[in-house]
Amino acid sequence: MKNFWYLFAAYSTIWTALGVYMLRLSQKNKELQAELRALQVQIEKALTR
Amino acid sequence: MRTLSMLLISMISFPLVFIRNNSIYQAIVMYVVMLFATLLVFIYAPNEQMQGIVQKIFYFHVSSSVTAFSAFFLVFVASIMYLWKNAEWWDAVALSAAEIGVVFCTLVLITGPIWARPIWGTWWSWDPTLTLTLVLWLIYVAYLMLRLDAHDPKRSRFAAVLGIVGYVDIPLILWSVEKWRTLHPKPVLIQEGGTTGLPFTMLFTFAVCLVAFMLLFFYLLRERISIIQSQHTIEVLRHQVDNLPTG
Amino acid sequence: MSGSKVFLQQVLALLAKDLKTEWRTQEIFTSMFVFSVLVIVVFNFAIGADTELIRQVASGVIWIALSFASVLGLQRTGQMESEEDSLQGVLLALHDSSALFIAKMLAQVVYLLIVGLCILPLCGIWFHIDFIACIGDIGIVFVLGILGLSIVGTLFAMITLHTRAREVMLPMLFLPVSVPLTIASVYATAQLIAGMTLRDIVDYISLIGVFDIVFFTLALLVFDHIVEE
Numbered sequence: 001m002k003n004f005w006y007l008f009a010a011y012s013t014i015w016t017a018l019g020v021y022m023l024r025l026s027q028k029n030k031e032l033q034a035e036l037r038a039l040q041v042q043i044e045k046a047l048t049r
Numbered sequence: 001m002r003t004l005s006m007l008l009i010s011m012i013s014f015p016l017v018f019i020r021n022n023s024i025y026q027a028i029v030m031y032v033v034m035l036f037a038t039l040l041v042f043i044y045a046p047n048e049q050m051q052g053i054v055q056k057i058f059y060f061h062v063s064s065s066v067t068a069f070s071a072f073f074l075v076f077v078a079s080i081m082y083l084w085k086n087a088e089w090w091d092a093v094a095l096s097a098a099e100i101g102v103v104f105c106t107l108v109l110i111t112g113p114i115w116a117r118p119i120w121g122t123w124w125s126w127d128p129t130l131t132l133t134l135v136l137w138l139i140y141v142a143y144l145m146l147r148l149d150a151h152d153p154k155r156s157r158f159a160a161v162l163g164i165v166g167y168v169d170i171p172l173i174l175w176s177v178e179k180w181r182t183l184h185p186k187p188v189l190i191q192e193g194g195t196t197g198l199p200f201t202m203l204f205t206f207a208v209c210l211v212a213f214m215l216l217f218f219y220l221l222r223e224r225i226s227i228i229q230s231q232h233t234i235e236v237l238r239h240q241v242d243n244l245p246t247g
Numbered sequence: 001m002s003g004s005k006v007f008l009q010q011v012l013a014l015l016a017k018d019l020k021t022e023w024r025t026q027e028i029f030t031s032m033f034v035f036s037v038l039v040i041v042v043f044n045f046a047i048g049a050d051t052e053l054i055r056q057v058a059s060g061v062i063w064i065a066l067s068f069a070s071v072l073g074l075q076r077t078g079q080m081e082s083e084e085d086s087l088q089g090v091l092l093a094l095h096d097s098s099a100l101f102i103a104k105m106l107a108q109v110v111y112l113l114i115v116g117l118c119i120l121p122l123c124g125i126w127f128h129i130d131f132i133a134c135i136g137d138i139g140i141v142f143v144l145g146i147l148g149l150s151i152v153g154t155l156f157a158m159i160t161l162h163t164r165a166r167e168v169m170l171p172m173l174f175l176p177v178s179v180p181l182t183i184a185s186v187y188a189t190a191q192l193i194a195g196m197t198l199r200d201i202v203d204y205i206s207l208i209g210v211f212d213i214v215f216f217t218l219a220l221l222v223f224d225h226i227v228e229e
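Protein chains in written order, with the numbering used here: chain A, 1 to 49; chain B, 1 to 247; chain C, 1 to 229.
Hints are computed from structural coordinates only; laboratory data are not their basis.
Quick reminder that beta carbons are idealized off the backbone N, C-alpha and C, glycines included.
Some clues are possibly wrong.
[Said to hold, decoys possible] Taking beta-carbon pairs under 10 Å as the criterion, some of the chain C residues facing chain B (in silico):
1. L12
2. T51
3. E52
4. V152
5. L155
[Unchecked claim] Covered stretches of chain C (in silico footprint by chain B; criterion: 3 or more residues with CB under 8 Å from a CB of chain B, positions within the stretch not fixed):
6. 63–75
7. 93–105
8. 126–139
9. 169–179
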């Protein structure tokens, strides 16, 4: 099991990087969806006044 | 040769870009395949005789590399389509693919040295494929900087030109770097690092890892594109809100 | 056929205009030349007094100096264009906007060739290299390489014309993309200096040639998209 820590370093880098990126993407998406809905509600309210 | 075959493989999957929705079903499939791939890497694939356990880095390292090339190929195709059809969607594809490509490219550049250190005894060797990856990284980071920096409405078109130029440059870079490489002594290898004649177990593991990474790539791509599209819609709606009749 | 004659006339007219402006002020050429000399001298100090080592890296130093000088020249050209805001006016007068590209590119080639010719004797003296023996062959490599630098450089100069961090973006785009050109030119020149003939470096020359052709074609194809409003 020599060089195990290199293996560990490589895989943890990959998973951390991909994980962080995926989290950022889905967070940004949720924020945008919320903003989108808010705007849509605002428009609807204004139009049905 | 190896780089060429990676480049060719990376071009095959691009029709997947036309799958537009990002259902929970696809996410689950991707997750399961990735889990399966990891399992294969650590349990099914045998330990390579000379390199030992560190060789297992290669499964994800090469898969990342092929994915990065796929992403850059997609930028190339999307850039051409954008200049031709002038459709916003292709521009969104180009930007998303470039960003994800840079992410995977960075991973290649990090995992490569981590593998090389115990095997070759050195963090870096100006090996043609690794050097190509470095130059590509520089080009596509510049692409991202161009897109985020220019406030010119023509920036999408400028970026499209770069997307095309960057990819066309690849064979030239490969050619020149391989020529250059023959002038430099190869690193004194502690152990031979090549993979000659892989047994089926390893090939299968590689294949599954590749598929897993491709699924991940297209999942990330769709997420990123939907972010761009939401941003556009929000802009349009904001414009509407500003122009609403008051009172 | 009158179309291509008009095209040629427009290219030459634009080129003449740029060169005439430069002839009067000599801003661009001076900055390019002085900067090249600076680069070469600083490299000389960095590498040390080992004559043999310097001979080996001379080719690389020359081409680095040329690449950086190229970036400098392109930035000044771009600056002049955006200061006068004459771009749109010029484009309206042209049938084919690629005439502008070719003219700008040729202007850049001229500047770089002159700078190259000026620094060669200096390098010959400082690095103890006899350029006269292979001057014809080196001339060919220079022309082809400088052509490539100008093609790629002008393309990216037009792209980065309106970006905010123009000074940074131009080299960031230009240098990585021109890596194949740099490598081939450096080693072609190095081998010529080491006494080989043109036949020995045929593959480098063909690489540079292919690079030039590919990027010239590409530039012509996409130039319309860059400049249209």
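Okay, the hints, checked on the actual structure:
Given the 10 Å rule on beta carbons, the hint for L12(C) is violated: about 26 Å separates it from the nearest Cβ of chain B. Restraint check, T51(C) versus chain B: the minimum CB separation of about 21 Å is more than 10 Å; hint violated. A cut of 10 Å between beta carbons decides the hint on E52(C): the least distance to chain B is about 17 Å, and the hint is violated. Taken as an interface hint, V152(C) checks out: its beta carbon lies about 8 Å from the nearest beta carbon of chain B, inside 10 Å.
The beta carbon of L155(C) comes within 7 Å of a beta carbon in chain B, closer than 10 Å, and the hint placing it at the interface holds. Residues of the stretch 63–75 of chain C with a Cβ under 8 Å from some Cβ of chain B number 0, which does not satisfy the need for three, so the listed coverage is violated. Restraint check on the stretch 93–105 of chain C versus chain B: 0 residues with Cβ-Cβ distances below 8 Å, three needed, restraint violated. With 0 residues bearing a CB less than 8 Å from a CB of chain B, the stretch 126–139 of chain C misses the requirement of three and the coverage assertion fails.
With 7 residues having a beta carbon nearer than 8 Å to a beta carbon of chain B, the stretch 169–179 of chain C meets the requirement of three or more and the stated coverage holds.
In summary, the structure is inconsistent with hints 1, 2, 3, 6, 7 and 8 from the numbered list given earlier, while agreeing with the others.
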